[in-house]
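Please model the complete structure; the sequences and the hints are all you need to start from.
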Amino acid sequence: MTDDTLDHTLGPLPAGAAEPGDDLTELVPFLPPSTAAEARAADSSPATAGADPEFDAYMAVVRLLIGGSVEAAAELVKRLEQWEAELDAAEGAPKPGEIHNTGDAARYMLVGMALSAGEGARQRVMNLVRASDVFWRLTGSVAQPLVDNRLTGLFTRPFDRAIDRLVNRGQKRVNDWIELGRTQEPGARRIARKTYEELVDEFIGHLAENQELAGLVQKKSIGLANEAVDELRSRTVSADAMAENIVRRILRRPPRSQLPQPPEDVRLVIVDGVEDTP
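In terms of our numbering, the sequence shown is residues 2 to 279.
Please keep in mind that the hints were generated in silico from the structure rather than gathered at the bench.
Do not rely on the hints blindly, as some may be mistaken.
[Unchecked claim] Once the Cα atoms are required to be at most 25 Å apart in a straight line, the calculated SDA-like pairs of lysine to any residue come out as:
id: 1; residue 1: LYS173; residue 2: ASN102
id: 2; residue 1: LYS221; residue 2: SER235
id: 3; residue 1: LYS79; residue 2: THR196
id: 4; residue 1: LYS195; residue 2: LEU111
Dropping the structure here:
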């Protein structure tokens, strides 16, 4: 049956009748925009209010570490500035260190390298020094005859002078590092000692001012003292018993354990006397 036949059979729809696709539209009433927004908020508010956000432990730890690092760095910088001012006012500027052997020179050079260029530059310079040392040890003996020759010397001497300038520049850089290390190392060691002493003093002062910790230490001390006294008493009794046994053996007397028990009335008198003793 075609659509035209169906329309002819059923006849035209009455005026005001809804189309078949408008059934759902008639079931859902139309709401103004403000009323619809309030309805959506009312529907979602119970779920939002009842939902408990999950605790993010990772972010909490990261925030704690970041905050602790920032606060610790700020406090450390403030303390270092204060301690350096106190040391300079009390002792003056530290004198440069002295070089007594090659170990001192190497130490000062490393300090200067650390202060001037950091760890990355130090690694690059050390690798460059090693590579250049190996290169010149391998090629020095081979290139020397060419430098000494008059004909080839015209071409090799400029390179030789350039290499000498490079070596002198590297030696100057090493000397600068050593001088920087000699200048900065005494002050660094002095501020390190000052920092250690101040931290120890503050820690001890905090322990002394903490009443709960002081009470705990006092209780522990009393407990240790009582244990020591009890141990001393037990050892004294053991020593007395041993000495008594030796004396009884010398005098050929029977041991105390083999002596007869005292009469009951005597034992009661002794017990009463001990209990009455304050």
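Hint by hint, here is what the structure shows:
1. LYS173 to ASN102: Measuring from Cα to Cα gives roughly 19 Å; hence the hint holds.
2. LYS221 to SER235: 21 Å, holds
3. LYS79 to THR196: 12 Å, holds
4. LYS195 to LEU111: 23 Å, holds
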